[in-house]
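Participant: Residue numbers (the numbering used here), protein chains in the order written: chain X, 1 to 373; chain E, 1001 to 1373; chain W, 2001 to 2399; chain A, 3001 to 3399.
Some hints could be false.
As the list claims (entries may be wrong) - Cross-link-like lysine to aspartate or glutamate pairs, in silico, EDC-like; alpha carbons within 20 Å at most:
1) K3338/A / E1174/E
2) K172/X / E129/X
3) K1017/E / D1339/E
4) K1259/E / D3148/A
Everything labelled a hint here was simulated from the structure, so no lab data went into it.
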Amino acid sequence: MALILNEEQQMLKTSAKEFLKERAPVEALRKLRDERSETGFDRQMWNEMAEMGWACLTISESYGGLDFGYVGLGQILEETGRTLTASPLISNVLLGTTAINLAASNTQKEALLPIIAEGKMLVTLALDESTRHNPIQINTTASKEGDSYVLNGKKVMVLDGHVTDKFVVAAKTENGVSLFLVDAKSDGISIQRVIMMDSRNSATVQFENVKISASSLLGEEGQGAATIEKILDIARIGLSAEMVGSMTEAFERTVAYLKERKQFGVPIGSFQALQHRAAQMFCEIELCKSLVLKSLQAIDANEENLPILASMTKAKVSETLQLVSNEGVQMFGGIGMTDDEEIGFFLKRARVAQQTFGDANYHIDRFAKLSGY
Amino acid sequence: MALILNEEQQMLKTSAKEFLKERAPVEALRKLRDERSETGFDRQMWNEMAEMGWACLTISESYGGLDFGYVGLGQILEETGRTLTASPLISNVLLGTTAINLAASNTQKEALLPIIAEGKMLVTLALDESTRHNPIQINTTASKEGDSYVLNGKKVMVLDGHVTDKFVVAAKTENGVSLFLVDAKSDGISIQRVIMMDSRNSATVQFENVKISASSLLGEEGQGAATIEKILDIARIGLSAEMVGSMTEAFERTVAYLKERKQFGVPIGSFQALQHRAAQMFCEIELCKSLVLKSLQAIDANEENLPILASMTKAKVSETLQLVSNEGVQMFGGIGMTDDEEIGFFLKRARVAQQTFGDANYHIDRFAKLSGY
Amino acid sequence: MTTTTEMPTPIETFRMEVRNWLEANCPTSMRQPIKSEKDLYWGGRNGTFANEDQKAWFEAMYEKGWIVPHWPKEYGGGGLGKEENKIVLQEMARLGCRKPITSFGIWMLGPALLKFGSEEQKRHYLPEITAGKIRWCQGYSEPNAGSDLASLATSAVDMGDHYVVNGQKVWTSYADNADWIFCLVRTNKEAKHGGISFLLIDMATQGVSTSPIKLISGKSPFCETFFDNVKVPKENLVGELNRGWTIAKYLLTHEREMIGGIGETDVKKPLHQVAIESLGTENGTLNDPILRPDIARWSIDKMAYDITIKRTMDEVKAGQSLGAASSFFKYYGTELNKAKYELMLAMGGYNGAAWEGEEFNYGQLARQFCRTKGNSIEGGTSEVQLNIVAKRILGLPSK
Amino acid sequence: MTTTTEMPTPIETFRMEVRNWLEANCPTSMRQPIKSEKDLYWGGRNGTFANEDQKAWFEAMYEKGWIVPHWPKEYGGGGLGKEENKIVLQEMARLGCRKPITSFGIWMLGPALLKFGSEEQKRHYLPEITAGKIRWCQGYSEPNAGSDLASLATSAVDMGDHYVVNGQKVWTSYADNADWIFCLVRTNKEAKHGGISFLLIDMATQGVSTSPIKLISGKSPFCETFFDNVKVPKENLVGELNRGWTIAKYLLTHEREMIGGIGETDVKKPLHQVAIESLGTENGTLNDPILRPDIARWSIDKMAYDITIKRTMDEVKAGQSLGAASSFFKYYGTELNKAKYELMLAMGGYNGAAWEGEEFNYGQLARQFCRTKGNSIEGGTSEVQLNIVAKRILGLPSK
């Protein structure tokens, strides 16, 4: 498949760019932060996004979606990376919706997807339990009691956890790991919001004897592990698309600053040491763009090598974003250290995004394992 | 202890520098190579070195040595690193003599050291058996038969193996690993010289039913493993001293070339990208010098943390020499690629020295293990 | 080794005296490690002591003359020789005594005045510093003069009996709490380096105002300081007119060495210990196989760097000296510290990415991480240090 | 998908014809991968075929006009269109057919002549190239003009009806076996870029001599070529006088793309496969825990690089285009290849460090390793490529 966007995808990207520039520039994130917004994102903006169909790009037409695919979603994510827009796109579209697409029964889909497609229900994934991404280590239990399950455990880094309507919870059942759809208002759930370095939402969610009906099971009991990996691989690629947007924007701002800022009577961009570092970043960013596009296409084509592509992509993109965000602050110099200048927002988002769904170290290790060494 | 040379050590260094500049510049190595010298080093020069006491710096006065210590030896090695001088200093002084110092009985010392001290006997270590340095993996066996042992096995990367008089051979005995002093002319030994990338000597040595007397045992039977590690740690540090000499010389030549070579009407050393790379190399080299001096002092002071110092030093020095030798060739440009220009000799020596006694990867791993992680 | 009883040398006697005096006069609470800003006493017109012990300790040291033991007595110091001064500092370190006062006057202005100030200036300003009466801040950088410090534009115009100062300084640490500021000002627009002078300005003068700077790590001691037609008496000039650059360079070298050593104190635990505790080991091997070599390489570099500092100091003692060593140390030390916090963040995982909440120590790690990014910018950027190494140590040519 | 039988399109018919012709005319031995220099036929006055199959294959292709399928027939080509040319190359690749001739004339001089040569020059030189009669070499670099190629000094002085050439070229690959050389020469000393011309010189002319260059990797095809009062007819000038730099730039871009792709063919096995085989695994993990992340990072970069080349080609097809992409690819590709051989050497251990002996494959790995160091120098250094990326793609200013 040609590694280019088709016309529709290109149009979607362009319209996303225009919308975000208008409605959600970096300044909007600063405002949410400084006003200590309770939702952590702009509800009204999310409604507008949903009206444009962004909530249902990956939902099939039979459930009220656009069936546009992940390459399309990736373009929007990339643009939100440029503007550092906080929205439920990661938690609800990449994680929640993907989980339902992959694991839910037709009945469940019929009940949920049309509402999600309209942006009127938020679903997120409650998976990690330790300090670092480790989807295999699940101690949360779901014990069968008659027709119900009883959930017990604690989840961390639940994205948008304090504003979500439903959780997809990974828990141990008798025969393996299972996924459950759990209402956020259920008795026994306590949610503690955690504001991250990038001013975005996460939450620690405690499940204490939360009783849920057997119909909450997503997919077959004990068969959740493979689904979780697939959800995560898709989310890793989608998040990488966002990160490529961030690195591109941070890099372009840095290059512009190099041309503008004068020291010793000349633009600092005329210093060869900075030129070479900029040129090297350019190369790395190009590689990242290729990996993301290739991986997004692989999701849509349902390719078998998705795990290896996802790890390659998340690893390379994480390391490059680390480099680019560091170089951005360094090249902006003293002004880059101030909260007034926006480049620091990219640094902060970079570090949270790096950790989310596994950092470069995690994925280099996984890549090597998947490659047999 | 102050991290500086005392006056005697400084004098030794200065005289070594002068001698080597005169008798063994890089040109001498080229000559040995082009004439396909059978010994691989200059015998006459070795005699002169021995006359100056270089063979007996680490031999105690009671056995006819100077008891000057490893800091002193390190200075000579550093200077031979600058001139890329091929000599038995590594094989015979660092390995062979150290082995005898550490493991031999008084009787054995009395018989061997005075001759070695005069430079009239060469002893080297026959240890490694696999492609990469791995002192734990020893399959060579020494089976006791009455009053004798019978050696069987194959050793690789035996430095100066084809010209040595004796081998210190590591072999498995009933109760562990033991060291034996074996005459190179013994029946059953076949030696194949291997000329390395740096034009220096190594050899593959095959032991086939080599019968040796029980008195050839160095140290106690089965207690060789600890001795081997100690010999190696000393050799790693000594070799690192040589490598620091090579990196310093390669770097100084590169900086000189940067000042001299003109492109686009200016010296290429005025290009900031090259300036920063040179400055970064300078910093790394300074770190290497400190590690080597600290480690050499630790040998003489018989410090307990020698293993960790040796691994730190060999790891850092290997990586820095790789960097400096690569940058040397790159900054010399096309001329650096030609055999006529000497910078390439540093590249080649660098890679062999990196592999010898464990490369950076080996020692980073060992350092981490010794540090408990 | 001898077994005969020897008389203590005078220097040994002095050491014992110092030790006894400190034991007797330094309150126990003043021997605890610094925990927060509050534990520091800065002095100044509005300076207050946090508690009685802090006050008692400062006053005892001031009486003794040991606020700055090696400054001459006539300038408010203790008049001690180099060797004795070292002993006081060593014994304070041994007991863990806090500094009686934290002061840019002692650390930065003092050395400049001692070297370049007039006798009158020394007698006037230095005793005020050791008495903790006046708190100083530094006014070097400007918005359009970062690495190119000498392009500064804040002007001091000669009005006969005084100067009139106009302009703006940035990165003036604690300017909002300082009484006086020592500034680089432009006294000649025709010459670049040769048109800069070193001026002392009372911040209570009309026309001086400050505004705090928020950093990416959050609140900071940095301020912007504005000068709007500020009258400054001519006797406040230090050194010769238009020769301020010499003083600036002298002080920058001081500062560079201080910043190079940054991060020494904040996390005492060796990095690999943090790694072992936060990631755990299996069969003696760290649980993150990819991070492991990074941690090992960093640790080797850090130890090698520390050994190199020791070697350089030993060389200086032995009369050898590496030219622009402070640039090398500043560059390498700050880059190491930045790399350390990248590793700390990677080990911290989600905890290191959190910004608020008691559970996450109020985002302490993330904030420290953000703050380290400034290490390679303040006190001369890494790029400037590399330029200096290339030119002054390696002798590489300019274009 | 349809189930009706469709007529093959003309292009499908052509593909089948090509396939059938190649099957019938390419000897089996000419479908084996190249193993050594001997397997290449270079043509030229002294060119000899290594065997009958090589000769038969060249002659069949020459008869067919497919030595260069897309050159016009009047210049010795096959006169095929772009699409048809691609099909011939694809079908040759599918069958694994060797190139019938290896020729700088086809790869480098040809494109230059087609774009800049006179009609007479095209009719004269191009058919000689496809017929394998004349072997060409390239004369660009000079000892004092490396990255600064335009500072070349080899002069061609106008003597009325001819030029007299004096000077020295380096890195003239295979000059000792070539018949003619295409050279950049200085025809005006006053202008730098605007004083260079593109000249064709018969190496049999009096005053031309060559001397081989030995590299750090051993013997090489490179030579130095000397011109001592060499008379060159005026009609050997290609393009306008003093406009040779335009032709040079055009050809350098070609060359850069070729070198960027270096290392594609020499070690076919993926690097991690080499690692698994040479180091072994334990519980599915490579036996060198420190090298493992390096190999993984390299492999990711390599795949990402290959995907990027594909993406760029797709973009070009779609009418988008990245400006100085060839510089980026040349830089990154050659750095990757150097890094690969560092890793190969680390994995090879003592075997990779040996230089001689059958047991060590005659030091093949060490020699290849040494040779890769030239990748980032020849065809424009990495530094030059980064300059180009910085200036042409990023638009960063010159001083």
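Participant: Quick one: which hint numbers does this structure break? Sort them smallest to largest.
Facilitator: Hints 1 and 3 contradicted; others consistent.
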